[in-house]
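Read top to bottom, the protein sequences are chains H and G. Here the working numbering is used: the first residue of the first sequence is 1, the next is one more, and so on. Here the working numbering is used: the first residue of the second sequence is 1, the next is one more, and so on.
No lab work stands behind these hints, which were simulated from the structure alone. Quick caveat: nothing in here was measured; it's all calculated off a predicted structure. For every residue, glycine included, the Cβ atom is placed at its ideal position computed from N, Cα and C. Incorrect hints may have been included.
[Said to hold, decoys possible] Chain H stretches covered by chain G per the calculated footprint, using a threshold of three residues with CB under 8 Å from any CB of chain G:
no., segment
1, 48-54
2, 76-86
3, 91-105
Spelled out from the first residue to the last, the chains are:
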Amino acid sequence: MENNRKIITPGETIVSGEEFLPGDGTRREKEDIVAGRYGLADISDKLVRVIPLSGTYTPRRGNVVIGEITDVLFNGWLIDFGGSGSGFLSINECERFVNKDELQETFDFGDLIVAKVIGVKAKGIDLTVRMRGLGLLEGGSIIKVNPNKVPRVIGKEGSMVNTIKEAANCEVTVGQNGLIWLASDEIENEIKARKIIQFICDNSYVEGLTEKVKEFAGALK
Amino acid sequence: MTTKKESSESTYTKRFDGRKFDELREIETKIGVIPEADGSAMYRSGKTIAIAAVYGPRKLHPQHMQNPQTGILRVNYDMMSFSVPDRKKPGPNRRGQEISKVIEWALSQCIDLESFPNTVIDVFIYIPQADAGTRVAGINAASMALAHAGVPMREMASAVAVGKMDKTIVADVCKEEEDYEEGEGATDIPICVLSRSKQIALLQLDGKISITELKEAIEMAKKACEKIHEIQVNTLKGAK
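With the rest of the complex left out, here is chain G (with noise of 0.2 Å):
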């Protein structure tokens, strides 16, 4: 009997940084971070830092890539040599090609690729410094640099990574989260909700859980992508 009550609580209990399970932690938006590129923006979650810079729409080389019925859009996520403890090679690898290929298919969605055919709109998110959930501050990022660049965008896109640790689910999980062990460990599920028609855009799971439990943190997720939404609106509405 008491086994069996143990193993129904959760051993997390208390977060790591003391935040309410569903808060998120410290952002802080710019945009303009890059004058030369079209559109730039940096987004801030804790110690978790993404600079996006968008150019174009331009044209497309090799010509042979150029669609005639849509434009391309082409994302480049890397993270710096010194953003993590262990230093990472500088240059791409399997990792980062994967994450940019799921941040291209996640964008894609919000973006009127067809308005501008034969043509490209290149992004490129750079980590400078990583603490977990770098590809959702990518997506962020690169949601404020595409509309300060001025692409014409149905909607805006707002990631958030959810996890579970043990039994617990909780919003934007940090490093020190994401590498817990007790119980049933951790589950990192990363999700980019879009603003105005709130599909899901990108989901990704890594680890466990049951559906009961995904479709709740799919619910914390998009009150969370809310709240990050109003604070791309904010920055973008303050800039001149």
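So here's chain H without its partners, still in its complex pose (with noise of 0.2 Å):
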């Protein structure tokens, strides 16, 4: 896997031929296919994309992620969570019935609230809340990493989320853009999480991570 990837810079040429589709982050000039971003280039079969190694978050439809309330409207919210654009909370989208009068009941300015993405439009992001585990957040703290580490602390199907859990006894949702809440009846554990969240941020490009995760949250007790 570590073989086809290697870092690549805007403008250079990542591979020459005509036979290569061009994929995110990349573009085709007659033979080559060219970067348009700093990343890692990526070549599964004949497609060509450049993972990004920085950079701020963009949104996906799909994505869970964790926002603050910036805005209450009269048929929504604003949310911010961070972006470029702010995401939009129809009431239609919300479980439970809202008075349209007292939309400040359900979510206030400054409530935090997981969502997840519909829709990603050039006029906004809309969100939803209506699944399981989405709402509004209570209690607990909010960490924020880098947007670029979160496929690395969620692990493969959720594999290194679980550890933490476990590792920490703690509740944990990792929003995509970066924000992840950590919630627990002891503070202690919330500390602990923290620690074991950061650690992964530092060492994501180490290989056997979840190996080394686990010695490290056993190291702490």
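With the hints as a guide, dock the two chains, each given alone in a separate frame, to form the complex.
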């Protein structure tokens, strides 16, 4: 896996040849596939793409994000989740009935919510909370990590999150935008989970990370 | 006869710091110097140091400046008060504003601004130590910082200041050369070249120069920019 991945810079030719297809972050210039951003070049089959190493979060459909209510409108809420645009949560996308005159009873200014992206349009990003595990966050603490390291924190099919949950005895909700919500009855558990996540972010390129994280969590006790 | 021969030879035969005429100053680069920024870089050429920080793409305020067709690039260039022998009054000034604007035009040539409408990319360039060629050092640092921030870019920008001391064309002028007064005096030409298309994104000229000499100077700048681009790429690849 590591062999066909190397760091490339904007304007650099990744591969040359008519048979390759330009994917995310690349473009075709005559024969060449040229990088359009800084990151890791990934050539799988004939599709060439650039995996970003840095940068702000770009929302995609289906992402779960954590955001703050920045505005209460007459038919919904505006949510800031650190990206370039703000998200919109309509009252139709709420599970419970919401009185149109009292939107603030459900979500108020400054509240943190977990929401799912259902559409990305030029006008804005549409969100929903009509699913299990989504909605208002009460108690607990929030930490921020680089959004490009979120896949490492989640692990393969959530394996890393489960490791953190078990090791720290703490509820963990990871937003794709880099915000992570930690909740436990004991503040020590939250601090422990925070330390583990920090460890993952600092060592995100190490091989066999799950084992190392388990070791690290064991040493914390 | 003798006077004619004298005037055809340049009085500037040896550089103050002993470099070859097309040799650049010692270059040092670093990325990620500002952890809070989305992307950052430092570029040092001799005694000139530039640091650049990139924030965004982020929401643009005030809202009336937003453009639904394209994103906006905002560059802020400033010299620190202790960067020059005579203290510079801190804060924006006429010179700083002009340089911010020309760097903005140069960098917007290589960024895909259309891909994020209604947003802004903020670039802050600060000069902690100045020894001529600060705007080109700023462009080099900003180009690396933009790439480090993951901004979609068509290519990278590299810049160098070439100069003409009397009749000699030199690359990467330093402050002593900039103040050269013998013969025809000094001409300072900052040039920014894009890495892939080799287009010129910035060309300023301060002084006098003939067309043939200018062509020669541009050729020298293009070669120098290739070297600088190589250093920029190596720095970006060296980081994990």
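Each hint tested on the structure:
1. Look at the segment 48-54 of chain H against chain G: 3 of its residues bring a Cβ nearer than 8 Å to a Cβ of that chain, three or more, so the hint holds.
2. Check result for the segment 76-86 of chain H against chain G: holds, 3 residues qualifying (beta carbon to beta carbon below 8 Å, three or more required).
3. Taking a C-beta to C-beta cut-off of 8 Å, the segment 91-105 of chain H contributes 0 residues in contact with chain G, too few for the three needed, and the coverage statement is violated.
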